[in-house]
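Chains Z and L supply the protein sequences, listed in that same order. Sequential numbering of the first sequence, starting at 1, is according to this note's numbering. Sequential numbering of the second sequence, starting at 902, is according to this note's numbering.
Please note: incorrect hints may appear among the correct ones.
What the hints assert, rightly or not - Label-pair ranges, simulated between beta-carbon atoms: (1) L:Ala959 / Z:Arg67: 49 to 59 angstroms; (2) L:Glu1075 / Z:Arg67: 55 to 65 angstroms; (3) L:Tyr963 / Z:Glu537: 53 to 63 angstroms; (4) L:Glu1075 / Z:Lys553: 16 to 26 angstroms; (5) L:Arg938 / Z:Asn152: 27 to 37 angstroms; (6) Z:Gln404 / L:Arg938: 50 to 60 angstroms.
Don't read these hints as lab results, they were simulated from the structure. For every residue, glycine included, the Cβ atom is placed at its ideal position computed from N, Cα and C.
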Amino acid sequence: MKALFGLSLVLLFSTPLYANSNRLNTNLNFTNRAQCALDSKKPTTSILVLLSNMDVGRSLYRLGKIRNERDISEFTKLGLNKYRYTVLSLIDIIHNKIITNKLPLLNSDLTLETNLVNYKNISEKCSQSTDCPELDDYLAGIWSESSKAKPNFTNQDRFTNENFLNVEMKSKTKKLNCSYLKKFTPLEAHLFGTKPTVDILEQIAKASSEVNDYYSECHDYKTQESLKVSTYEMSLDIEDSKRFSSLGFDYWNTMKIYFSWAFRNSPEATQLAYPFDEIFSSVLIEDSLFMVPNGCKSLVSPKCDPATINQNSVRLFAKHDFKQQVDALDFFRPIPDGAASKILEDQFTVVNQDILNFAQFETADAWTDNFRQNFSETRLTMRKKFVSSVNNMTLIGKNLKQGQLKASLAEYFDVIINSKNKALDNISLKSELYYLCAESTFLSSEELSYLRPKVENLGKLTFTDQATNSINSSTLNEIIDNYKEIATSVNELCGSFDQSVVFEPDFVVDRSGFNRWYIDTVFEGKIPSMASLNRKEKLTTKKPLIAYQLYSKSKDIKDVICIDSVDCARVAIQSIVDIYGVIIYSDLFLDIKREINSPSMLNPYAERTACKVYDPWFKTKASLFAFATDFTQGAISSVAPAVVYGNFDLQAGRVVSFNQLVKEGKIIVDPKYEKKKVLATVALDLGAMSNIPCSVSVTKSNKLDPSKILGFRGLTIRTCKEKEKNVVNVEVNNELGESQSKYTNGCLQCSLDFEHVTSAVSSVIPYGRTAFFMARAVIRLYKGLKDPVNIPRSWNVNPYLTKVAYDSHGGKIPNDCVRKLVNGKSCMKNSCEDSIVNAYRSNGYFLDSINSDDTWKGVANVKIKGCKNFNKIKVSSSRDQDGNETCNLSNKNLNLKCETL
Amino acid sequence: MKKIIVQCLSIILFAALFPNSSKASFDVSETWNADLRSQVVITCDEYSRLCIDLCNNAKSCYLKNSTCRDCISTGVKMTYFFSAFGKEISGAKEEVSQYEFVEFLSNESFIAIGPNNIYNQFDAAQTNALLEKFKSMCPNNAPSPVAFFKIENKNLIVKNAKYITCGSAIYRLEVKSILLD
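Just chain L, same shape as in the assembly (with noise of 0.2 angstroms):
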């Protein structure tokens, strides 16, 4: 018995003091509250850096989300922002690090874009080519994932692309085209 427990608590002590060592599953999604405002909601299955830097170490917590000023339009800027993705916008191969992840959401105005946001005005509300389009950038095929941009002066432009997450694993993206060799 007495060993159990000391297995026990050196396995609990070893996992509060290096959190990040067992993968620690976490997820990201884009949503609006019941005050209708922009949100980013951050949840963790177990403690990983995410939670314990952004949410203060409980379980789940929200982000404030930037808008972006003529995103609900047709205008040419949004008549090519959808398209891009999976054609000029891709995940790149490598996971990044959830302390750089933390870094940006930290010290960066960003605005996070998932496959449901309400500025596509290009599909109808009920097919799911944005979500499409949106997998094809994850390399893991991840079912949901979120695109996050660095924004200034509430302006998007896909050149400011930077992370997307892919369920539990977090890459970089990259801008350019994606051709055939």
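Next comes chain Z alone, as it looks inside the complex (with noise of 0.2 angstroms):
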């Protein structure tokens, strides 16, 4: 059939205009809620690339003034093309190694039982650092093997027939079509909306007429006039094949990875980048490259753990509204509550309604440079903040000796603690003395602080080993043993007073005078902080006790690591907490893996399915009830989930702690669970609080309910306001039995949160990096069950035929038009064109318009895309059993003469 085709529409084939015809001619998929969900384990065939040359733009223009170009900005645009035609081609060179056999797929998941022992064992022992010769020299081992015409991968590894994507080899070479986005626009229609409605089916229409004003060609870097940025969509020919449906992961862990290498060390990248190819070989080039799924499903299978819950929030930086909304974001408060807690605030979240706020930019190129600029931004100012303060609590390791600090803090406070004389009433003193107690009191003290469990897990973290190397500092387990010394030593001077004599009843704290991160967390960040303003006043009096030479000379304060004891207890305390808030979210902005960003950035739901926040096959069961959690990798082997239950005679106002709760009976646990497991685990993230008396509080009601079931939040610490000195007298009983009670007096208060829910809690607990939090009711989960989103939908929009309707309709799709093209068939305004308009598109034909006025007669006129000319072609007309006219052409038909234009 094809072989008939005139010589004139071969040309057409290679145009940048059957390339554009080709997109028009990919269906839109638009899903509802329920349908992205499922489509989340799925993996993609379209992709946006999203490339930032702002680090090498960089280098490249100090380049061109140490070579003393003539014209630096011309140079500088020479080498960002060659940049971006190098890491385009490249992808394209993979991505053909791989199609045709030459590159064997490397498994996504190594959980799984897997063939490749070579590359598991590698795996393993490269997951905790970025500088890996082994794994360099394992995928140049394949990589050169890929080169030959018979590749034997025998010697790298037991590659079987599930490692190689395109086996049978039975289609034609299939393509990874790339264009350029210049817009976003309805043509990413599946993006904006849900179901297709007549207006998205007009607005599609009428796209698709000016398609060459959205994309054009990957390589023509004439259209791609930001520099800083560029925008791509890339596309795989394989739209219903089974095999990718499982192999598709593998298929991109196999592209991210040859990338990583390649573009560092293959000849291939050499050649491409020539003569940048020094210069390109040192860019950290994952820190400039996102592979997006364009759409529901992912790039990455989505799993239930840090990595990917982080990775998804990168959504935020797209916003164009981001830098307005800083201040309510997680990742800016000083103890942040990580991501996982976020999505369970938002289960119902909203997901293909323009999430990413592409619409509020004109061009794509302003969008993702929005997002680059905002993401960028933020992940320098939290590695600045990882570097300066891994780098004070060394330096302050190194240089303050514990005995020396006890004993140094035991004088400066000396004279308010222990003198007789009432009359000193030193009020700077008596303040610094509070801040130190409560801001230590908070993060460390044993009985009653919720973060000192979270800080101890800091200590056993080696992910990040590599990177305190890379910048001269001690090991998070030096620093926390180190801070642990300090914590101890100020704990000491704390409990060693009677804090109702130091602070007496006229003594009035000045809350201005905490910490910053102290002020975020117990007040809410209702107040300003002036410590560092204090800091700054205390230097005009004194020589700091740690600072660098520079600062005799200087006089900033930024050269100063602490300027007496009391400051650097303050510094250390500061700087764990400054540690904790980067951690979190390591793995969204510390370089310590070194892999290519691909978050499902449109699909929130990825993560809300593999964490089972949102299960889209729910329907109407008691089921409700339990939830079951998956978790990951890492030595801490999984616990079971843990559901738990308050029974509803318990009394608002009452004191107690929660494991007297559990003694009397009012902690109830599924059955369905091991109670002492599970209670275990609870304990564990509560930790020594779980002893703690404290007032039971229902949030939002003092009056409980009896049918409600109440669900547990969790206990929450507060320490005290200004006037309201020892509001809890606490009561520490020993869990071992001893039954003697400790008072300590304390500043503190403390809550169990009970909520009421309808639904059942469950909760996981935290224990290093590999773990996080979650917790939860699914109250509108319970009500979402009746919401038809949560039942799967799906549908298809051609754009071409969408465009060829609308046309043939005289400018509008009418509404009987709606129930076809959303199912991706078509809709002329009679058969007779619906039989012209699939014979020439079955053959690989589109057109731009159709006269059907005399198919009576036997002759119709078409107009070919991309020809100047008409052409009349013939036709038969006939009628089938229900009376409707058909059409049939002739093969001759195809062979038609094209005037190109």
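Since each chain comes alone in its own frame, lean on the hints to assemble the complex.
Okay, here's the thing in structure tokens:
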């Protein structure tokens, strides 16, 4: 059939017009929330490639200066175009190697059984570091084999047929289509709305006429105006392949891993990049490249782990009003909750309604640039925070002797702690003592701090070791050990005096003297912090205890580590808080693992579904009460999920400890789960807190409705405000059964928060890096079951068919065409036109227009896309049994003359 | 006349036999050539060890400079790297002989980083902030120092700082926090 094509039509295939026609013939897949959630488990065939030029651009500019280039901007531009060319071409090379079976697939999920023994061993060794020569050698061996005519990979690993994507080589070479995206338009409508309506279809039709305004060739750099970023769309031609649905994640994993290696090391990259090859091989390309699935499907199989959840929170950076929202974002809180808690707060978040604000930007590059700027600025802030706090702790640890600290603090505060002279009213010294003790207690009190176990966990992390080594600092393990010594000294000091005597009734502390992190966490950020100004003032009268020598010339507080022993202790506490804040989001911000970012930016249900916060197949059943969550890798063995209830006869306002409630049978565990294990894990989260008698409070109501089941939310702890001293006499009962009780006077208040839920609460306990806190009721899920968006639905719209339908009906889409068009079928003004359109389309031709007025005479006029002329074709019309007119075309009609434009 | 000639000849002979005895001056810099290859350029005014051994007696030559992986980035390592100059890295007070430096350049994989290197993502291209830091590492306040690091597997780390060329003098680089006493 195809051999009959006229020469001019063959030429048509290679024009950019054809590429765009191909795009118009690709279905837009619309999904509702439930289908989108389901789709998250499937590998995508279409991606957006977001490439940032900033880092390499700065280096090229400097290089231009060094080389004394006449026109540095032109030189930089040349380099940047070469950079884009290298990146795009390399992706294409890797794809072609995979699709011709010259490159085997590397398994994306190594927790499953795999025959790739070598790969698995090497990956495990390399998981904690970016510098991994063994992996480089492994990939190099395979790559060089891939250049041979008949590659044999047996020396590298035990590859089987399941590691080759196109093993049967049944069909023709499957291309990786690439377009540069100028604008987000109705041709991305599947990202903007769920069910396609007449209005959306008409917009799609209109946009289809202007397709060349929206896309251009990937290597057409004239159209890529922004020097900072470029946005590309790439799609695989294997839409219905069953094989891809089982190997798709492996495909993308392979693409990412080889790209990282090949960009730096392959001879192909050197050749593509020349003469900039030495420069490009020094780029941390993973910082500059995002591969985002274009729709609901995924590039990486979503798991319920911190890496997935954190990565996906990158969506926030795409918002057009990011800068205004900054204060509300979890990343910037001194003690972040972590991304996991966010998804629980917003379980039924919106999807497919322009969640990334594409429509707010004129061009796709403008959107990408906004995203790039928000993300990389935040990322840099976090990295600087990590570097300076780790550095501070290293220097404090090395230069502050512990015995010294204790003695020095005692001396510093001696006059207010031990003095018998009550007339001595040193407010500023008392305030300093107050700040020190409150901040330290909050973070590290054995009895009272909820953060203490989290901080202890920081000390167990080893994945940061390469990073801390590269910045000449102590490991987190050493840092936490040093911190613990400091905390011990401070806590001993704070426990050594009677607070009610030192902070006598008339003493009012100025809260603005607390550090920013404390004010934000305890006082909800409602007052400004003067702590840094106070430090600067101290420096006017004192020589700093630990500072760089530079300080003697610069007099800049940035060159000071800490000023005196109190300041050193508070700086240490602040540093630990900062480190904690960054580590929680380390997957997002720190360049520990060298991997190309590929979050499911367009599908917030990817992580919600993986974590079973949202279950798209969920129906109205009593099984609502139980949820299971998956745990992931790491040495931590998973604990069965806990389902915890509070019994309704709890009295609000009563002071009781969690353990006491358990003893009294007020905390009930779903019988399906082993009570001991559940309680043990819940207790782990509460830590030493589980013994603290706290006042029971029920959110929003003090009256408990016996018909409601209570879910347990957690233990919160607050320090008191200045006039509420000694709010709670905390009775600590020793769990080992010793009968004496210890009273600690502390300016602290705690409450067990219960909340009414109509369903179960599940909680999972944090431990180390691979686990995170997940809790909670799904009240809204219960209501949401009645919501139609929870039944999976999807629609397929073919833009080309929509356009020809639109034209056929005189510039509109009639209502009764909607059903056909949203199912990927044609809907022309008569069925003869339908036949004509479909006949040409199935042979790869697209029509600009059809005139079917004379079909009753046996002729029709068609204009093929890309041709100037009209062609008269012969049709034979007939009526089928329903009385509908159909047309038949002979094969000759496919061999048409075409005067190209 | 004869006396003068003999004196000149003996000076020349002396200089030829003992090239280091006069304070020979040399210059070391880091640059990129027309092919965009990274290079270290060595030039010598008088005959000095550097040029004799490394340049085969020529007055100037180029050495291949290493590149480093992930150095064009704002990653954790590079965020720290340039701020460390003058704070965590400084030049020792005693000069190092040209022999030692030649040994290093000949036998070790090294990377030379100058104040105008292309890896600096943190200062505006027009400022001299990094140059000031470099200068502070030279005991003799030379105008254009170049820091030399040992490099393994293209991995640049602060701990591998080795030498700094400060005009015609070479000092060892010390990696330790330079704190106020």
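Hints versus structure:
A C-beta distance of roughly 23 angstroms is found between Ala959 of chain L and Arg67 of chain Z, which places it outside the suggested range of 49 to 59 angstroms. Against the hinted window of 55 to 65 angstroms, the Cβ-Cβ separation of Glu1075 of chain L and Arg67 of chain Z comes to about 33 angstroms, which falls outside the hint. A hinted range of 53 to 63 angstroms for the beta carbons of Tyr963 of chain L and Glu537 of chain Z is consistent with their spacing of about 55 angstroms. Between Glu1075 of chain L and Lys553 of chain Z, the C-beta spacing of about 20 angstroms keeps the proposed range 16 to 26 angstroms intact.
At roughly 36 angstroms, the beta-carbon separation of Arg938 of chain L and Asn152 of chain Z lies within the given 27 to 37 angstroms, and the hint holds. Between Gln404 of chain Z and Arg938 of chain L the Cβ separation comes to about 53 angstroms, which falls inside the hinted range of 50 to 60 angstroms.
Hint compliance for this structure: hints 1, 2 are not met, and every other hint is.
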